[in-house]
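In order, the protein sequences belong to chains H and B.
Quick note on numbering: numbering that gives the first Met the number 0 labels position 28 of the first sequence as 27, and the sequence is numbered without any gaps.
Quick note on numbering: numbering that gives the first Met the number 0 labels position 199 of the second sequence as 198, and the sequence is numbered without any gaps.
One should not assume that every hint holds.
Quick list of in silico lysine-lysine cross-link-like pairs, DSSO-like style, CA-CA up to 27 Å [unchecked claim]: (1) B:K137 / B:K207; (2) B:K175 / B:K207; (3) H:K274 / H:K93; (4) H:K93 / B:K137; (5) B:K175 / B:K137; (6) H:K93 / B:K94; (7) B:K207 / H:K274.
Selected chain H positions facing chain B (Cβ under 7 Å, derived; list incomplete) [to be verified]: (8) G87; (9) A260; (10) S264.
These aren't lab readings, by the way, just hints derived from the structure by calculation.
Glycine included, C-beta positions come from ideal geometry on N, C-alpha and C.
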Amino acid sequence: MTAVTHALRAGIGRGLIELRQAFTGTELVNQLLWPVATLVAVFFLRDMAIGTTGLTLGTIILPGTLGMFVALGLLLVVQQLAADREDGTLLRAKATPNGIRAYLVGKLVQISATILAYLAIILIPGVFLVDGLDVADPQSWITFAWVLVLGLVATQTIGAILGSLVATPRGAGYLSLPVLGLIAISGIFAPITGLPEWLQWIAQVFPIYWLGLGMRASFLPDDAVVVEIGESWRQLETAAVLGAWAIVGLVLAPVVLRRMARRESGSRVAERREKALQRVG
Amino acid sequence: MAMTDHLAIEVEGLRMRYGTTDVLHDVSFQVRQGEMLALLGPNGAGKTSTIEILEGFRMRSAGRVAVLGADPAHGTEEWRARIGIVLQSWRDHPKWRVRELLAFQGSLYEPYSTARIRRPWEVDDLLAAVGLTEQAGKPISTLSGGQRRRLDVAIGLVGRPELVFLDEPTTGLDPKARRDFHALVRRIRDDLESTVLITTHDLDEAEKLADRIVILTGGRIVADGTSEQLARKIVGHDEVRWVQGGEHLVRYVPDSTAFARELFAREGEDIRELELRRASLEETYLTLVRNAESDGTEAAEVEPEPNGASR
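Let the hints inform the model, and build the full structure from the sequences given.
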């Protein structure tokens with residue numbers, strides 16, 4: 000038991016070191032690019048009115064993008080797992096007592112903190128940029144908190160599963176295409192009720208839609224609900240769908256990760272390096 | 000698992016098969032505690048498969064394996080903590096600083112500290128031991144090839160392992176970095192009193208570092224002994240060439256001097272252009288590898304075929 004708590008502590012330390020690396024030097028530019036681009040988009044849409052709600056498109060989009068960035072944690076996990084497998088970071092973890100455990104804790108800490116930073120970059124200036132966000136009500140923050148936690152767990156565990164299944168960083172790159180497609184149909188940048196019904200059904204299977212909905216439920220005034228499916232925030236359904244994904248992730252991720260880690264060895268890492276060199280050369 | 004206290008590694012009848020190809024056939028050897036053993040062989044001989052099975056990174060097809068008294072296929076974290084691994088070339092954690100990574104790796108060994116072996120190795124002492132004190136604050140990606148390899152050794156040793164695996168550790172190093180690396184391994188081994196298993200395709204490296212050499216080729220062990228034993232056992236056959244009656248003759252004999260004396264006594268004036276060439280350990284090693292590759296079946300044969308006189 001003491002070794003496990005030890006590994007947890009080491010993993011948190013590891014996550015903080017990686018977090019510092021992710022936000023220093025040229026990395027910082029990459030980190031800021033998308034949240035800032037999102038803010039710019041919100042800025043240009045801040046005056047565009049939506050129907051008779053009295054709200055602007057900017058106001059409606061901003062909370063949805065918070066949900067989107069939580070969901071992007073999935074891609075971060077996939078990309079980092081693939082990269083860490085290719086350069087042997089994961090094998091190093093495997094060669095160390097409780098190393099895989101500490102590695103995963105570190106990864107989750109670092110990516111969750113990265114996402115919190117994204118949300119702060121968007122939300123803090125956003126409150127001054129658009130009108131009508133309900134940030135003074137404590138109820139807003141309670142909803143935000145549970146949607147955030149369920150969302151982080153669901154998307155990162157699913158990300159860990161997908162990351163274990165894709166073989167290379169290139170494969171991880173391909174995976175971002177369907178995710179971007181899902182974002183497009185998830186009602187984040189335009190009300191989902193404007194889409195054909197079959198697309199609405201597809202969107203509602205995945206966590207991204209529900210993360211966006213949950214964030215809108217947190218910060219938008221009640222009048223805004225008229226553009227949602229069934230004119231309801233559907234909090235119960237949000238909790239159920241995000242919770243279901245989180246449970247699937249929590250149950251499957253350790254199994255899939257263990258299987259992937261078991262297959263790692265020096266010759267596998269060398270093999271992948273050969274292949275990577277061939278691609279370059 | 001029955002094992003005496005004096006054996007760090009015990010391998011018996013180890014077989015490894017990928018699909019329909021056997022890469023290890025009935026490999027057996029032992030490593031005594033505190034011994035440094037070189038597993039020597041050409042590329043593709045099965046060295047990496049063998050060491051990965053011992054490291055617990057690969058499942059074997061058959062045979063009995065005990066590493067520090069346990070089956071590596073079911074090694075616990077505690078078992079893992081007693082083993083250090085240095086691979087051919089690590090490229091991991093490029094953004095980490097040298098000291099940061101050593102401290103993190105070391106911290107995972109703390110719960111496994113015992114009264115006899117204090118774990119982990121103190122980071123500054125370890126940095127000094129591998130000669131990286133000046134690089135302690137640098138990002139790992141900025142290290143030179145030789146420095147990076149020394150860091151890999153440091154990471155492999157930070158848990159004060161009782162058994163260290165060095166898998167082709169000097170591949171790709173320039174001659175100076177290689178010599179420094181050998182000195183480092185010898186020095187550290189004296190400090191730690193660990194058992195060391197090193198794989199290499201370089202006979203010279205094996206001779207310099209190891210107490211004992213096991214030659215593996217074509218998935219079979221073809222020789223096992225100290226370098227002196229191997230030299231005595233397989234370097235017995237010198238090459239003798241001469242011309243007699245217009246014919247060029249070659250013969251491989253254990254004692255070329257005695258053979259020549261006898262030859263002169265018997266044939267006298269008739270012998271011309273006599274050449275004696277003592278086979279080096281290296282040549283014999285190469286012959287051994289060639290033989291095993293060409294027939295592969297009777298690899299237990301240690302001595303090269305003493306060809307008769309031939310044209």
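Which of the numbered hints are not met once you compare them with the structure shown? 1, 7, 9
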